[in-house]
Amino acid sequence: MVSYSEGTSGYSEGTSSYIWDLWTSSSCDATSTSTSDYYRNDSTIWTNWTSDRTQATISYSSEGTIWSKWSSTYKVPIRNSIVFYDSAEEEKTTEQRRAEKAQMEINEQWSDYQYEEMKREKEEAEDLALELLSDIIGEDQMLIYKETGRIVVHGQKHDWLLRKGRTIVKLEGDKAIGYCVHLRDRQSYPETDNIIALALHLKTNEERLEKTANRNYPIEEEVVEIGGEAKVIKYDVLKRRVKINYVEDLAAASF
Amino acid sequence: MGEIKVLTSYAALELDKIPSYMRRAGDTKIIYDPQNDDEVSVAEDQFDSLVKKGFKAFKVKKDGEAGREIKTFKPNEGMYILVPPIVGG
Chain G
1 MVSYSEGTSG YSEGTSSYIW DLWTSSSCDA TSTSTSDYYR NDSTIWTNWT
51 SDRTQATISY SSEGTIWSKW SSTYKVPIRN SIVFYDSAEE EKTTEQRRAE
101 KAQMEINEQW SDYQYEEMKR EKEEAEDLAL ELLSDIIGED QMLIYKETGR
151 IVVHGQKHDW LLRKGRTIVK LEGDKAIGYC VHLRDRQSYP ETDNIIALAL
201 HLKTNEERLE KTANRNYPIE EEVVEIGGEA KVIKYDVLKR RVKINYVEDL
251 AAASF
Chain B
1 MGEIKVLTSY AALELDKIPS YMRRAGDTKI IYDPQNDDEV SVAEDQFDSL
51 VKKGFKAFKV KKDGEAGREI KTFKPNEGMY ILVPPIVGG
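Going down the list, the sequences are from chains G and B. With our numbering, the residue at position 144 of the first sequence is 144, and numbering never jumps. With our numbering, the residue at position 69 of the second sequence is 69, and numbering never jumps.
In case anyone wonders, no lab produced these hints; they're calculated from the structure. Warning: the hint list may mix true and false statements.
As the list claims (entries may be wrong) - Simulated crosslink set (EDC-like; lysine to aspartate or glutamate; CA at most 16 Å straight-line):
#1 K53(B) / D185(G)
#2 K53(B) / D127(G)
#3 K29(B) / D135(G)
#4 K29(B) / E124(G)
#5 K29(B) / D185(G)
#6 K59(B) / D135(G)
Can you build the whole structure from these sequences, using the hints too?
Below is the structure:
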């Protein structure tokens, strides 16, 4: 409604002031001549603003609005505070406001619907990926994957731990080394598609995958959320085993 | 029946030649009858087109047995999985 506001306190007749400058500048659609004319012929505006109305504040919604209003009907009562509303808003009917509100609600509902649809499509896509992974690795390994988001893959030379949404881990000698490699434009695919792709590469061309990947750092353990609980996975590479809380053995479920 | 499963992005931009009803995020199935030359030809075109875009084709045995990478389309091989390119992170 209001874009600008400026007080006139302390301004005096004939003295240049911010508001007066604005009023007489070309951007406000008023000329010094027309302003002077108003002053000479009918001093209502200026006099009121600069004499007894020393604490007056003017607010205006856009350049030109005040001057247009004042110059056409400058006998409008002057108050200590005058607020001009945006003319476009002022003209809105109750029905228009109601329609705008209804439109906003519709937009909001549409946005929610689109979000839910996107979420549903992603879930369906992930389900398809899980189905395909299950076809490839079998049901036993799939249970482990569903619970931990991890599978162990016997590559052509090494064992690898594939972790959903994370770097993969190569069991190399007595170390577990993280490697960063994934589908190009990974975020556009279900997470499990990434696992499928990496598993297939490892099974058929481990060397090429290793050359593509960026080698990171050794990993000794990590915290994983399993069934709503945070558990620690220990990489016991000397025994070629990956253990969850020392109880569950991921290596037993590998392919 | 022969089948090509293509890991498909949500946008599925890579698969513009595949009819929209066959396209969805997750995997896209291209099913063809190996005895039908027209269907085989369409499947082969799609296979070649994706391989040219950097997809790798794999023939996979069930339950984790080692599969192999395929360079050339053979209609009687059963199911292929086509995987988009991978990159270092």
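Hint check:
no., hint, in the structure
1, K53(B) / D185(G), "14 Å, holds"
2, K53(B) / D127(G), "26 Å, violated"
3, K29(B) / D135(G), "15 Å, holds"
4, K29(B) / E124(G), "15 Å, holds"
5, K29(B) / D185(G), "21 Å, violated"
6, K59(B) / D135(G), "12 Å, holds"
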